[in-house]
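Sequences are here, hints too, so could you generate the full structure?
In the order they appear, the protein sequences are chains Y and G.
Just so we're aligned, residue 1 is where the first sequence starts under the numbering used here, counting upward by one.
Just so we're aligned, residue 1 is where the second sequence starts under the numbering used here, counting upward by one.
These aren't lab readings, by the way, just hints derived from the structure by calculation.
It cannot be assumed that every hint is accurate.
[Claimed, not checked] Looking from chain G toward chain Y, a few residues come up when the C-beta cut is under 10 Å (computed):
no., residue
1, N55
2, A60
3, G66
4, E105
5, G121
6, G142
7, G144
8, F194
Virtual Cβ for every residue (Gly too), placed ideally from N, Cα, C.
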Amino acid sequence: MKERLSREVIALRAAREFFDGAVVNLGGGIPTLAANFVPEGRTVIFHTENGALGFGPIPGTESEAQPHLMGANGLPFVPLPGICFFHHADSFAMIRGGHIDITVLGALQISEKGDLANWTFPERGLGNIGGGMDLAFCCKRVIIAMEHVTPKGELKILTECSYPITAPRCVSLIVTDVAVIEVAEEGLVLKEVAPGWTVKEVQALTEPKLIVAADIKEIEL
Amino acid sequence: MTMKKIFESPAEAMADIPDGATVMIGGFGHAIDRPQNLLKALAKRNARNLTLISNSAGVAGRLGIGSLGGKPFIDEEILIENGQVRKVICSVPASLVMSKPNAFERLYREGKIELEYVPQGTLAERIRAGGAGLGGFFTPTGVGTLIEKGKEKRTIEGKEMILEFALRADYALIRAYKADTMGNLIYKGVMRSFNAIMPQAVRIAIAEVEEIVNAGELDPENIVTPGIFVDRVVCIPKEGVQ
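Spelled out as structure tokens, the structure:
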């Protein structure tokens, strides 16, 4: 079995997409970890849909945590100078109004066209839409940070999603434990592979035919 | 003459909630933003056949997700497992931990409770619209998904959108940080969430707060919810959930 990137490294690679001054919303799971990997020299303004803008990482000790300083992921955060609070209608005005530059979300399935399915699957018969649908529809850039296949080895990057979708044609970049793939007009473009992985091996875990970028490289850690 | 807004106990503030009422429950889903004492009093009052409008259907409290130290807290689950709820309008109905189903999921699978899925931003805006006297609005969120089913569609400035209707209710149960005797409210940190938009959209808004002060003691520049939206205020009792 080939070595795959850890959840932290997937988050680190996704965080490289944060430009200086970007307003960023992070979903639960791997995306949450990206808060710890903002590239040096860049300032990112983090948004959480339950009503805060401009917070830092998860506190280092329990005594620093405060009940009213907590993100949508249920974890406490450290307030940074300039933090502000607001209610849900304003929070989603920020999202729908196009004021969030980047959202990093998890995915159950992604289609070749960039359709995203991440809120339910048929066997559960019930799921949580939460704020994910507004984020996927309305943020300027949707980045997916996830493991390339399910724990059972089922493919997640597919020609068509079989699960109910969260938003059609919304994903622009997919960062996984084996590759970085851009969703382009002409199809899925393989830009980077994990150290030790070949194009052929990534293709074997991906249903749609990948277009190999002319400047394909190894993911830099 | 001023209307009496300060109530002695959660039970007194909730004494007229009838069977069949539609009730908005404030907060996002964390211990600090839920009206835990009002929920407890409503469970005790045992009003039946309720419709809840809330972000969640009680998905985190029992698991202690969103409280310091993972301490369990009270959410909608207390009403749902008590069989008081007929329908929930929310964005997050299912337990946050799939292997530990909540009361809502159990009743839903038995066909004993109804669900209307609403994306969170659409839910917030439907409530805001209800409070602002609007009939509804068009949003891009949900186009091409299960959410668009049965909804009017229009292309506005080149973008496909669906019509969503405003939401109003009989009661709102919310939590704030402090109130004054006029019913003006302030919040702390992320407490505003759905708490600061629900009082506008109901007939009777009831707030539980950590402290009640005299009119004039809150800085008017900092008041988030103007008192005319708030009908009843209860200070969280000493023996209550702080």
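Hint check results:
1. Taking 10 Å as the C-beta contact cut-off toward chain Y, the hint placing N55/G at the interface holds, the least distance being around 8 Å.
2. Against a cut-off of 10 Å between C-beta atoms, the interface hint on A60/G holds, since the closest Cβ of chain Y lies about 7 Å away.
3. This hint holds: G66/G has a C-beta 4 Å from the nearest C-beta of chain Y, less than the 10 Å allowed.
4. Of the supplied interface hints, the one on E105/G holds, with its beta-carbon coming within about 6 Å of a beta-carbon of chain Y, less than 10 Å.
5. The interface hint given for G121/G holds, since its Cβ lies 3 Å from the closest Cβ of chain Y, which is under the 10 Å cut-off.
6. Here the hint on G142/G is kept, as its CB sits about 6 Å from the closest CB of chain Y, short of 10 Å.
7. A least Cβ separation of about 4 Å between G144/G and chain Y falls short of the 10 Å threshold, and the interface hint therefore holds.
8. Evaluation of the F194/G hint against chain Y yields a held restraint, the C-beta minimum of about 5 Å falling below 10 Å.
The structure is consistent with each of the numbered hints, conforming to all of them.
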